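Trainee: Please build the complete structure, drawing on both the sequences and the hints.
Protein chains: 2
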Amino acid sequence: MAAAYLENDFHATASFELFVRNLPRQRGYLLTAGLEQALDFLETARFSPEEIAFLRAQPVFTHVSDAFFDYLKAFHFSGEVWAVAEGTPVFADEPLLRVTGPIIEAQIVETFLLTTLTFQTMIATKAARVVQAAGGRGVVEFGSRRAHGPEAGVLAARAAYIGGCMGTSNVEAGFRFGIPTYGTVAHSFVMAYGDEEESFQRFERVFPDHAILLVDTYDTLAAIDKIIQLGMRPRGVRLDSGDLASLSREVRRRLDQGGLGETKIFASGDLNEHSIAAVLAEGAPIDFFGVGTELVTSKDAPSLGGVYKLVELRDDTAEHPRAKFSEDKVTYPGRKQVFRFRDPQGLYSHDIIARAEEKHADAEPLLTRVLDNGKRIQPSPPLQTVKEWTQESLAHLPEPYRRLREPAVYPVKISQSLAQLLEEVRQKTLVPRTSRGS
Amino acid sequence: MAAAYLENDFHATASFELFVRNLPRQRGYLLTAGLEQALDFLETARFSPEEIAFLRAQPVFTHVSDAFFDYLKAFHFSGEVWAVAEGTPVFADEPLLRVTGPIIEAQIVETFLLTTLTFQTMIATKAARVVQAAGGRGVVEFGSRRAHGPEAGVLAARAAYIGGCMGTSNVEAGFRFGIPTYGTVAHSFVMAYGDEEESFQRFERVFPDHAILLVDTYDTLAAIDKIIQLGMRPRGVRLDSGDLASLSREVRRRLDQGGLGETKIFASGDLNEHSIAAVLAEGAPIDFFGVGTELVTSKDAPSLGGVYKLVELRDDTAEHPRAKFSEDKVTYPGRKQVFRFRDPQGLYSHDIIARAEEKHADAEPLLTRVLDNGKRIQPSPPLQTVKEWTQESLAHLPEPYRRLREPAVYPVKISQSLAQLLEEVRQKTLVPRTSRGS
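The listed protein sequences derive, respectively, from chains A and B.
So in the numbering used here, spot 435 of the first sequence is number 437, and the numbers just go up one at a time.
So in the numbering used here, spot 125 of the second sequence is number 127, and the numbers just go up one at a time.
Bear in mind the hints are in silico, worked out from the structure with no lab data behind them.
Quick caveat, the model's predicted, so the values are computed rather than measured.
One or more hints might be untrue.
Repeated chains share a single entry, so a pair holds when one copy, or any two copies, can fit it.
What the hints assert, rightly or not - EDC-like mimics (lysine to aspartate or glutamate), calculated; alpha carbons at most 16 Å apart, straight line:
hint: 1; residue 1: K430; residue 2: D197
hint: 2; residue 1: K228; residue 2: E199
hint: 3; residue 1: K331; residue 2: D245
hint: 4; residue 1: K75; residue 2: E52
hint: 5; residue 1: K415; residue 2: E360
hint: 6; residue 1: K331; residue 2: E264
hint: 7; residue 1: K331; residue 2: D272
Mentor: Listed below in structure tokens is the structure:
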């Protein structure tokens, strides 16, 4: 498409908006994440000589002139981006990002932006649900081995941290993003020594203040008794199998009786928001949860229907809003802003999706300009700030929209002016639908 | 764990095996993929000075001596790897990979190996199902925008190609792996011109032999009529919405009547193996399928229960097989081989998981040595060869195991010698289970 625009000398300024058409089942909101990586990409994306040579050799480009490859040689994103801050709850049809720039540039960056923002948003959302279920107990992201490749594991750790996790087992994510890292010990460590007591002592010797011992390699309660008999004082014990509710109660009882009231109970093993809520409802005295596969794959909803739609073209004379009307799907035309309103208690009450230039008193516009002339206007906020903003913004989202099952639908309205624009564009672009199949 | 082994002077040679405990629902087999990236990693993994400085600064390592960080400075994988060739069907409990080396090395590489092999295996398996459903019609992987981050999209394209896709829309995957790339045009291209006829002509002008026109931006059948009236001869048209069966029949009829019998019909839009099988069962004259989200996320089964288990320790005097007996899960001890047997027609009849040193006449051992002293024994086969091997090996897997729904369970047996070893190890490691909770 880039080549087709260039060869046809089509250089209008385009605005694309990235949004999610429908929330996945059981999700009352999405928590945005991934903007920092999206902006890193927009600031640095270039084509290498090797990549250009590769493209030039593709048969599909046989009839494409040198001008296109020269264009790629000089390519960099020179446009403007408006975005919703990471860690903000958003809803169906609300733009998370708006890209405005020469149409070729705005087109080339589409796929990277979509996959980056929707993946991290999906994981941050799942993390927020898991953390909510844990009700104040710490949740550590634990799922790298089951992520969709090594890099997905690192990005999932970042998104999970934004969503409220206290840290990750992914040390690379700690290195790259400064996320706190947590490790316990695997069954193989116990198996390597064969003797469980010896493995516990060997491990605690090296990590006297941090040892979290895995106690289910052979027999969980027997392992607890050994720890007590040995006079060890591990920071925690990890349960990775069995009935967590009853097992954790008995483990807690034995630890307390054995004078290990300070030793924490860490639980893991195919957990998700629902199983965590269930064991806690049974009164399980669990202090920390390690959540892996279900979190880093958002297993019950492993994709978001993210789209990147052309909403406006500008040439020297005018703006031309664009919309799509195929099927039952409508894409609202024009550059938009999302206005968030609060009730008298300060809680979020509803949003209005409006034209970008509208003003709505007493409402907070969610999209702010983050990139201009292809460069960040200011550095991305530290991850810690994003995490705090997540907590604050989720606390302002009323409970019905945060329910883990059957959440209420948050009210998102379309402004009068935007509705009017849609009608104007519809009149101009609509074709008779009588010849349509089926 | 690496630090704990080093500080305790524990340097036995360990063997770990990577396998999947249970096949996901509706999967009769898994198709292995990802070995090339796993071996690339094992040959090149190092710790940078910055990474080591980061680790040293972690509070958890306060009591860890310099010896550990010196160890990391010199770290490289020096061991041996046996693996099943990419593109081979495997089943639950069968090792895809066996790593033998100093225990610290073999432990450090665990997470990368798991995520790399299980992700690509999951996607290759899904691709094989989709390609099977398409019954000889071409399938293009189309899902980068919905993959779990940009890198997951590239790796998914590779795995999908191994699984039988004819190519990908991910140009980076084309560049890195030589996978054929295919593109069509997006709705935004049509919307940019506003006038559908003009957009079609502009596009075909640049790609006279390759244009696949997207015809559903406004009205599919009206768009087909325009193409015919304009005298265009596109290579194909793409249907992305609507009832694909009835719509494709009417599109085919109009194209044929209009003298465009050579123009192919390309279908896309949230397709998977079941929806493809359904439209083809309705007689839809579709030539190619573009499959995205469902393929690159393996949406109905977005994770594989891959594990990496310690199976043997060797010191100077003896081999010590290891097994795990917690819960109902058993890990078979010792280094293993998978022997695949054929029936008189040459089709795969059953497998036997056996001890590595066993011999089974008339059976093919699936694991071969691919890495020695940390280096590949020979270069990885070209992707094209892997793809051909996939086709050949799947053709030898009887149909009941390849069914898209309710596949039969392929017979995988445990050799007598391995069963005996399990019993010996069980006798040595079993602890009384009477104190077990719940």
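Trainee: All the hints need checking, so say for each whether the structure fits it.
Mentor: Outcome of the hint check:
no., hint, in the structure
1, K430 with D197, "between (78 Å within a copy, 11 Å between copies)"
2, K228 with E199, "within (7 Å within a copy, 79 Å between copies)"
3, K331 with D245, "between (46 Å within a copy, 15 Å between copies)"
4, K75 with E52, "within (11 Å within a copy, 33 Å between copies)"
5, K415 with E360, "within (14 Å within a copy, 70 Å between copies)"
6, K331 with E264, "neither (56 Å within a copy, 31 Å between copies)"
7, K331 with D272, "between (37 Å within a copy, 14 Å between copies)"
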